[in-house]
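Asker: Per this note's numbering, numbering of the sequence shown is gapless, rising by one per residue and ending at 490.
Worth flagging that the hints you see were computed from the coordinates, not collected in a lab.
Predicted, not measured: the structure shown is a model, and the values here were computed from it.
One should not assume that every hint holds.
Stated by the list, open to error - Pair by pair, the computed Cβ-Cβ distance ranges are: (1) Tyr-147 with Ser-120: 29 to 37 angstroms; (2) Lys-100 with Lys-76: 44 to 52 angstroms; (3) Arg-212 with Lys-397: 39 to 47 angstroms; (4) Tyr-147 with Asn-403: 32 to 40 angstroms; (5) Arg-154 with Glu-95: 25 to 33 angstroms; (6) Asn-461 with Ile-168: 16 to 24 angstroms; (7) Ile-168 with Gly-443: 15 to 23 angstroms.
What the hints assert, rightly or not - In silico EDC-like cross-links for lysine to aspartate or glutamate, where the CA-CA straight-line distance does not exceed 20 angstroms: (8) Lys-43 with Glu-95; (9) Lys-404 with Glu-473; (10) Lys-343 with Glu-146.
Quick reminder that beta carbons are idealized off the backbone N, C-alpha and C, glycines included.
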Amino acid sequence: MQQREDLLKQIPHVDKVLQHEVILTCEAYRHEAADAVRAVLTELREGIKSGAVSVVPGIDTIAKNAVELAVSKVKSTEDVRRVINGTGVILHSNLGRACLSKAASEAVTKTASSYCTLEYDVKKGERGNRAGGVGKYLKNITGCEASLVVNNNAAAVLLILAAVASDGNVIVSRGELVEIGGGFRIPDIMELCGCELREVGTTNKTRTDDYGKAIDDNTRAILKVHSSNFQIVGFTESVSVAELASLGKKYDLPVIEDIGSGALVDVQRYKLKNEPLAKESLKKGADVVCFSGDKLLGGLQCGIILGSSRYITEIKKHPLYRAFRVDKITIAALEATLRVYGDQQLAERDIPVLSMLSAGTDELNERAEKICGEINKRGGAAEVLATKSVAGGGAVPGLELDSYAVMLISKESTDGLEERLRNQPVPIIGHIENDRLLIDVRTLFEEDYEYIISSIVSITGKD
């Protein structure tokens with residue numbers, strides 16, 4: 028009994044441990060470190076009382092254990108934290124969609140941690156044009172007269188319709204009344220804008236005459252919506268932007284096209300067919316074009332509006348623009364992302380989405396072989412398996428890209444392996460196919476290979 032009392036007296040006070048250099052220089056905040064120190068000391072105290080602990084560790088050890096506990100607790104309770112995407116879904120909505128290029132990430136860091144020229148003209152010493160740099164890049168890339176950036180593409184559609192058609196009807200093909208993520212539908216957005224929806228054609232077939240017959244004195248716009256998250260195949264017919272533009276000019280009506288995923292370069296070379304290009308839509312006569320910034324473009328979440336100065340000016344004056352306006356971080360990231368689009372080869376190298384889409388099967392097989400070779404060399408168990416990747420994020424439905432994956436080999440159940448990978452300090456998210464756990468290499472970054480290898484070895488190397 029006396030020995031236990033003596034041991035309990037040797038336990039340092041919380042304040043003394045908190046003054047230790049390891050605590051003072053750790054990445055945890057003081058209140059987080061204090062909670063961890065109390066937890067470590069409580070566990071030590073209980074261990075002494077039960078007889079499980081016969082020696083009180085030094086303060087260095089106690090401080091080190093407390094820091095490890097504090098850091099691990101913070102990382103495990105963060106709602107938004109980094110993960111490794113081994114699903115093969117390039118634009119994974121649940122995992123944050125597009126990853127930024129290094130240049131865009133650096134621009135975000137610099138802009139977020141300092142003041143910036145968001146609306147300030149340094150040369151003139153007066154208020155400047157918000158997103159002026161973004162506008163210049165978009166004009167060079169797409170040929171648009173003017174542009175505007177809002178917080179997402181749903182906001183872009185809502186703002187456009189509110190500004191140009193709030194007191195009238197808007198004509199849309201029945202086959203284009205899409206529903207986007209979260210249950211938001213084009214008809215709902217129109218209702219919010221005070222627009223009357225005028226449906227034309229049928230689900231699978233709509234002709235130019237259908238639009239023409241629907242136009243009346245109360246018609247304010249013609250809207251075309253790209254079916255970026257579904258396909259209608261078989262006996263189908265739709266009206267091109269060029270045909271709608273001719274009709275719009277005849278009746279002096281704006282033609283608005285929502286192209287969805289936002290391709291700024293020709294993506295057919297990646298087997299992405301029927302994906303409209305922003306510059307082509309404008310060339311064919313669309314007055315206003317809008318799309319997402321965090322899909323095929325490869326930037327942060329935003330909605331981009333392009334078009335003629337006549338309509339962009341009108342849209343910018345609408346009160347809702349203030350509510351949907353983006354912040355300095357989004358503008359900085361978008362400007363850095365757009366900058367590289369002057370050269371498609373450089374864009375494929377620097378923008379992760381394009382890099383992943385353009386990766387060939389030989390390259391992907393080589394990556395998978397390299398990772399599996401190291402895993403097996405270090406005592407783990409894995410093999411290369413052919414698989415399929417997808418674009419994801421509501422982009423290019425039905426598209427499958429040939430890819431290769433690292434398949435984990437273990438006596439443990441597939442669900443058990445998946446859970447253990449998912450619960451690593453940096454979660455590794457794979458996908459299960461035919462009761463096999465796969466890590467698709469198309470969506471991996473080379474800097475993560477070593478972590479992935481060591482994690483898989485620790486899981487499969489014990490069999």
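Asker: Hint by hint, note whether the structure agrees.
Answerer: Now for the hints, and whether the structure bears them out:
For the pair Tyr-147 and Ser-120, the beta carbons lie near 35 angstroms from each other, so the given range of 29 to 37 angstroms is met. A C-beta distance of roughly 24 angstroms is found between Lys-100 and Lys-76, which places it outside the suggested range of 44 to 52 angstroms. A hinted range of 39 to 47 angstroms for the beta carbons of Arg-212 and Lys-397 is consistent with their spacing of about 46 angstroms. At about 57 angstroms, the beta-carbon gap between Tyr-147 and Asn-403 misses the expected band of 32 to 40 angstroms.
Remark: the range hint 25 to 33 angstroms for Arg-154 to Glu-95 is contradicted by a beta-carbon distance near 50 angstroms. Restraint check, Asn-461 to Ile-168: a C-beta distance of roughly 42 angstroms breaks the suggested window 16 to 24 angstroms. A C-beta distance of roughly 48 angstroms is found between Ile-168 and Gly-443, which places it outside the suggested range of 15 to 23 angstroms. A distance of roughly 18 angstroms separates the Cα atoms of Lys-43 and Glu-95; the hinted pair therefore holds under the 20 angstroms criterion.
With a C-alpha separation of about 19 angstroms, the suggested pairing of Lys-404 with Glu-473 holds against the 20 angstroms cut-off. Between Lys-343 and Glu-146 the CA atoms are separated by roughly 15 angstroms; this keeps the pair inside 20 angstroms, and the hint holds.
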